[in-house]
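One letter stands for each residue in the lines below.
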Amino acid sequence: MKQFLSFVKKEFRHVLRDRRVLLILFGMPIAQVLLFGFALSNEIKNTKIVIVDYAKDYASQQITTKIAASQYFDIDKNLLSHDQLLAAFKKGDIKEAVIFPVNFAEDLSHQNQAQIQIISDATDLNISNQVIAYLTNIILNYQAEQNQLQKIPYRIIPETRMLYNPELKGAPNFVPGVMAMVLLLVCVMMTAVAIVKEKETGTMEVLLVSPMKPWTIIVSKAAPYLILSLLDLISILVLSVFVLNVPVEGSLVLLLAESTLFIVTCLMLGILISIQTSSQQIAMLISLVGMMMPAMMLSGFMFPIENMPYALQLISNILPSKWYYIIVKNVMIKGTGFAAVWKETLIMAGIAMLLFLVSLKKFKIRLQ
Amino acid sequence: MVTANDLVKTYGKKNEVLAVDHVSFSVKEAEIFGLIGPDGAGKTSIFRMLTTLLLPDSGSASVQGFDVVKDYKAIRNTVGYMPGRFSLYQDLTVEENLDFFATVFETTVAENYDLIKDIYVQLEPFKKRRAGKLSGGMKQKLALCCALIHKPTVLFLDEPTTGVDPVSRKEFWEMLKRLQSQGITILVSTPYMDEADLCDRIALIQNGKILSIDTPENISAAYPDKLFAVKANKMSTLLKELAQFKNASATYSFGEYAHVATDSKQFEAGNAPVEFEKELEDYLADHGLENIEIKEIKASVEDCFIKFLK
Amino acid sequence: MPEVVIQTENLTKRFGDFTAVDEITFEVFKGEIFGFLGANGAGKTTAMRMLTGLSNPTSGKATVAGFDVYKQPENIKKNIGYMSQKFSLYEDLTVMENLQFFGGIYGLSDNQIKQNSEALIQELSLQNQAKKLVADLPLGWKQKLAFSVAIFHNPKIVFLDEPTGGVDPSARRQVWDLIYAAADKGITVFVTTHYMDEAEYCNRISIMVDGKIAALDAPGNLKKQFSTHSMDDVFYQLARGATRNE
Numbered sequence: 003m004k005q006f007l008s009f010v011k012k013e014f015r016h017v018l019r020d021r022r023v024l025l026i027l028f029g030m031p032i033a034q035v036l037l038f039g040f041a042l043s044n045e046i047k048n049t050k051i052v053i054v055d056y057a058k059d060y061a062s063q064q065i066t067t068k069i070a071a072s073q074y075f076d077i078d079k080n081l082l083s084h085d086q087l088l089a090a091f092k093k094g095d096i097k098e099a100v101i102f103p104v105n106f107a108e109d110l111s112h113q114n115q116a117q118i119q120i121i122s123d124a125t126d127l128n129i130s131n132q133v134i135a136y137l138t139n140i141i142l143n144y145q146a147e148q149n150q151l152q153k154i155p156y157r158i159i160p161e162t163r164m165l166y167n168p169e170l171k172g173a174p175n176f177v178p179g180v181m182a183m184v185l186l187l188v189c190v191m192m193t194a195v196a197i198v199k200e201k202e203t204g205t206m207e208v209l210l211v212s213p214m215k216p217w218t219i220i221v222s223k224a225a226p227y228l229i230l231s232l233l234d235l236i237s238i239l240v241l242s243v244f245v246l247n248v249p250v251e252g253s254l255v256l257l258l259a260e261s262t263l264f265i266v267t268c269l270m271l272g273i274l275i276s277i278q279t280s281s282q283q284i285a286m287l288i289s290l291v292g293m294m295m296p297a298m299m300l301s302g303f304m305f306p307i308e309n310m311p312y313a314l315q316l317i318s319n320i321l322p323s324k325w326y327y328i329i330v331k332n333v334m335i336k337g338t339g340f341a342a343v344w345k346e347t348l349i350m351a352g353i354a355m356l357l358f359l360v361s362l363k364k365f366k367i368r369l370q
Numbered sequence: 002m003v004t005a006n007d008l009v010k011t012y013g014k015k016n017e018v019l020a021v022d023h024v025s026f027s028v029k030e031a032e033i034f035g036l037i038g039p040d041g042a043g044k045t046s047i048f049r050m051l052t053t054l055l056l057p058d059s060g061s062a063s064v065q066g067f068d069v070v071k072d073y074k075a076i077r078n079t080v081g082y083m084p085g086r087f088s089l090y091q092d093l094t095v096e097e098n099l100d101f102f103a104t105v106f107e108t109t110v111a112e113n114y115d116l117i118k119d120i121y122v123q124l125e126p127f128k129k130r131r132a133g134k135l136s137g138g139m140k141q142k143l144a145l146c147c148a149l150i151h152k153p154t155v156l157f158l159d160e161p162t163t164g165v166d167p168v169s170r171k172e173f174w175e176m177l178k179r180l181q182s183q184g185i186t187i188l189v190s191t192p193y194m195d196e197a198d199l200c201d202r203i204a205l206i207q208n209g210k211i212l213s214i215d216t217p218e219n220i221s222a223a224y225p226d227k228l229f230a231v232k233a234n235k236m237s238t239l240l241k242e243l244a245q246f247k248n249a250s251a252t253y254s255f256g257e258y259a260h261v262a263t264d265s266k267q268f269e270a271g272n273a274p275v276e277f278e279k280e281l282e283d284y285l286a287d288h289g290l291e292n293i294e295i296k297e298i299k300a301s302v303e304d305c306f307i308k309f310l311k
Numbered sequence: 005m006p007e008v009v010i011q012t013e014n015l016t017k018r019f020g021d022f023t024a025v026d027e028i029t030f031e032v033f034k035g036e037i038f039g040f041l042g043a044n045g046a047g048k049t050t051a052m053r054m055l056t057g058l059s060n061p062t063s064g065k066a067t068v069a070g071f072d073v074y075k076q077p078e079n080i081k082k083n084i085g086y087m088s089q090k091f092s093l094y095e096d097l098t099v100m101e102n103l104q105f106f107g108g109i110y111g112l113s114d115n116q117i118k119q120n121s122e123a124l125i126q127e128l129s130l131q132n133q134a135k136k137l138v139a140d141l142p143l144g145w146k147q148k149l150a151f152s153v154a155i156f157h158n159p160k161i162v163f164l165d166e167p168t169g170g171v172d173p174s175a176r177r178q179v180w181d182l183i184y185a186a187a188d189k190g191i192t193v194f195v196t197t198h199y200m201d202e203a204e205y206c207n208r209i210s211i212m213v214d215g216k217i218a219a220l221d222a223p224g225n226l227k228k229q230f231s232t233h234s235m236d237d238v239f240y241q242l243a244r245g246a247t248r249n250e
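So the protein lines, in turn, are chains A, B and C.
Position 130 of the first sequence, counted from 1, bears residue number 132 in this note's numbering, the numbering being contiguous throughout.
Position 254 of the second sequence, counted from 1, bears residue number 255 in this note's numbering, the numbering being contiguous throughout.
Position 13 of the third sequence, counted from 1, bears residue number 17 in this note's numbering, the numbering being contiguous throughout.
Keep in mind that the hints were calculated from the coordinates and are not lab data.
Hints are supplied without guarantee of correctness; some may be wrong.
[What the hints assert, rightly or not] Here are a few chain B residues that face chain A, going by a calculated C-beta distance under 8 Å: (1) Thr53; (2) Leu56; (3) Asp58; (4) Ser59; (5) Val80; (6) Tyr82; (7) Arg86; (8) Tyr90.
[Said to hold, decoys possible] Below, in silico cross-link-like pairs of lysine to any residue (SDA-like), each with a Cα-Cα straight-line distance of 25 Å or less: (9) B:Lys232 with C:Glu204; (10) C:Lys135 with B:Asn208; (11) A:Lys201 with B:Thr104; (12) B:Lys128 with A:Val17; (13) A:Lys364 with B:Lys210; (14) B:Lys152 with A:Lys364; (15) C:Lys227 with B:Asn292; (16) A:Lys199 with B:Lys134; (17) A:Lys366 with A:Thr218; (18) B:Lys134 with A:Phe14; (19) A:Lys366 with B:Val18; (20) A:Lys366 with B:Ala273; (21) A:Lys366 with B:Thr79; (22) C:Lys228 with B:Glu297; (23) A:Lys201 with B:Glu97; (24) B:Lys71 with A:Leu362; (25) B:Lys152 with B:Ala103; (26) B:Lys14 with C:Lys228; (27) B:Lys232 with C:Lys227; (28) A:Lys4 with B:Lys210; (29) C:Lys34 with C:Arg18; (30) A:Lys336 with A:Val240; (31) B:Lys134 with B:Phe87; (32) A:Lys215 with B:Lys14; (33) C:Lys82 with C:Thr16; (34) B:Lys308 with C:Ser234; (35) B:Lys74 with A:Pro160; (36) A:Lys215 with B:Phe277; (37) B:Lys247 with C:Asp236; (38) C:Lys34 with B:Thr11; (39) B:Lys296 with C:Asp236; (40) B:Lys210 with B:Thr11.
For each residue, glycine too, the CB sits at the ideal point set by N, CA and C.
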């Protein structure tokens, strides 16, 4: 135990004395969160909205006026058929549309309930989301105003349709994505490089010719990165909650537990890489090209997995980051409990176990 | 204490590089045993096999009776090893390195302080300095301290003095002598032939093969030829002319002298060395050299090594 | 009076408050083999870097091959050769490819490169190795080849940083034979070494201690001056007094 602790202490000294490593460890996650959080947002001023008014009654007119009054939208009134509308969306001429069905006012006054359809091009997900939120807000405001005059309240139901990206995969969910990326980077690359560095400088030779068990060397080498990645995780969460207003909807304890499982999986991967390579450069290359790129492309936080070719969808299943991403989205964004993610958790644990067994088999107690 | 029995080690995909070629030797307790040979002779491979870092292709070896393959754990508990490259943490201070290695070997600096005291006092003024910023000689001393911290019974030092200046080298060897007097068995490798005389016994090694094993005195005594040291006013001319001298089996520079070896059989037939000297002096004078000085000398280990390479 | 090819006057290099090279003044003559000795950390490498135009002095004067180290480092680089124990040749190129490359960077014409390479390969009897990778040559041959490459473009001065470290005693002497031959052709040789017997091969040697030149003379004179028979002892007497030990 004393060996282990002293090893961990030494490892922290290495990290603290290397400014570049510190920068990667703590500068990068913060930069990524802020970059995704601010640079990618959302200039919704002067967004063009097409209003298709099949009703042409007083209620539809009043709502249109309210929308037009907002400084954010340019209104274009146009009477298009459903097919024309879709064609215009496809060509990219239109990004947002509000559709009033026939008999809008009539439905409202007789049935006390009417529908409005909002269609939005969800490829610009940030903008799309904000526009929808804004429009919904205007409609609800109108409804509230009217209801003060009514005995039986009106209900206007905005029916939103997101085109092209119906399940909202993309930038707004960047926090889970960044978490997966950063943890992957720190645990896989930093661990692999740190272990291989000892091989390169020859210190591994000295450590091997010592009573320290080879596995203890590896585990104590990886342990500090577990702690560092937890620190990273916490700083990302703090940033996202307090700076970006993306709260943790579900259980924080569950989120941390799942993250720890992911970190352990990544550490195993880093250890496996370090066992198989002998130079820092190769270790870094394998971690970056072999791990980071597929993780970024195929885990689902850049491109929706459903839209990928079948072969890539299959490959994405072996990436722990895919499962972690799903878990975090569920726990952090949707606020679901363990019941919703037990399957993913099990898969991730399985991958970790497999990696552990492979590296145990590949591990060499000697040089070469 | 340490025995190597017909050790063979090859590298490469088809085992085409023969690094260690049927090497056998044994080292006694509290002996300083030197592996003397140039870079690439196989010294490091032998050391790595003995310290359980490499598996031999064939042959066997043991350290303190423990087999290097089967009982590698036991060996790792008892030996001290200092690899050829500086293998400490450059970004840790002298003190931190020492403390770290002490805990790795499940001991403390205080526990074995008397063993390293002599060396450590020289490092003490720099104990807060990072190892990477130490001079070559100081790094060597720190590495030795770290290898000694657990009081090993056998010490393996792979080229501890390579690239180190003569003063630091001398001090280093004095330290080894002191360690020997405390009963530690020391295996040391070096490319510097002049360090051979500081060992109790040496193995001369080239291309993975041992050329000769004995005490430095016996190796020198076994030199088959007669050897003369020659000096004259111009070294480069002297060497050129000596190369043309018929009655020499080898001529080469050696410090301020040139060495001339000649077959000793001619002297058994009654020919006196003085006559050979006269013949050589006349030859050189005829070729325009002045201030000629010739004397018969005993062969050094380096002379023997050159002879073996022929 | 022989021609002076390296001249320094109070040459100094400071790193912060640390004076690595402290006002060294010396001259090296044409065709001379000049040994540059000193303990680790005495300032040899720093001095050599200033003379080869790799680092600017803090103060003092120096000319190498007639060029000023401050103003004309590029001219200096054209007129010198350099070889060190650590780096000399590309291991993953063949002998011929290395010659072509080094000939090329010194601006030799294709014809010259061809002629010089053939002559060199003849001289070192490397005919069978010309198409082999340098990595596959024995160390002694590598060092001989490296030295030949360093003087391939016929420089005025060649700087050698521990050219024979770790080489077997026989190959070491062959490298020195090449060094002698180069000096006979008029190439000045500036060499550092840790082998004291090699110090004897130099015409004159300087010994640096704590950034200063503590002694400079022919090996024989130095031994007389310190009343001893071995260079080892001269070095030991001088360097033992070193206070610097960083």
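| task | Given the hint that Lys364 (chain A) pairs with Lys210 (chain B), test it: the Cα-Cα distance must not exceed 25 Å. | result | Not satisfied, since the Cα-Cα distance of roughly 33 Å exceeds 25 Å.
| request: Grab the minimum C-beta distance from Leu56 (chain B) to chain A and call the hint holds if it beats 8 Å, violated otherwise. | output: Cβ of Leu56 (chain B) sits 6 Å from chain A, so the hint holds.
| request: Under 8 Å, Cβ to Cβ, is where Tyr82 (chain B) needs to be relative to chain A, so tell me if that hint holds or is violated. | output: holds, 4 Å
| Does Lys34 (chain C) pair with Arg18 (chain C) here, judged by a C-alpha cut-off of 25 Å? | Answer violated: Lys34 (chain C) to Arg18 (chain C) is near 29 Å, above 25 Å.
| Agreement of Lys134 (chain B) and Phe87 (chain B) with the hint, judged by alpha carbon distance not exceeding 25 Å | holds, 12 Å
| task | Quickly compare the C-alpha distance for Lys135 (chain C) and Asn208 (chain B) to 25 Å and report which way the hint goes. | result | holds, 23 Å
| message | Hint check: Lys366 (chain A) vs Thr218 (chain A), CA-CA at most 25 Å. Holds or violated? | response | holds, 13 Å
| request: Please work out if Lys152 (chain B) and Ala103 (chain B) have their alpha carbons no farther apart than 25 Å. | output: With a Cα-Cα distance of about 10 Å, the restraint between Lys152 (chain B) and Ala103 (chain B) holds, given a limit of 25 Å.
| Is Lys199 (chain A) within 25 Å of Lys134 (chain B), Cα to Cα? | holds, 19 Å
| When you check the alpha-carbon spacing of Lys232 (chain B) and Lys227 (chain C), does it fall within 25 Å? | holds, 16 Å
| Straight-line alpha-carbon gap Lys366 (chain A) to Val18 (chain B), limit 25 Å | holds, 22 Å
| request: For the pair supplied as a hint, Lys232 (chain B) and Glu204 (chain C), confirm whether the alpha-carbon distance does not exceed 25 Å. | output: Answer holds: Lys232 (chain B) to Glu204 (chain C) is near 12 Å, not above 25 Å.
Hints 3, 4, 13, 14, 20, 26, 28, 29, 32, 35, 36, 37 and 38 from the earlier list are contradicted by this structure; the remaining hints agree with it.
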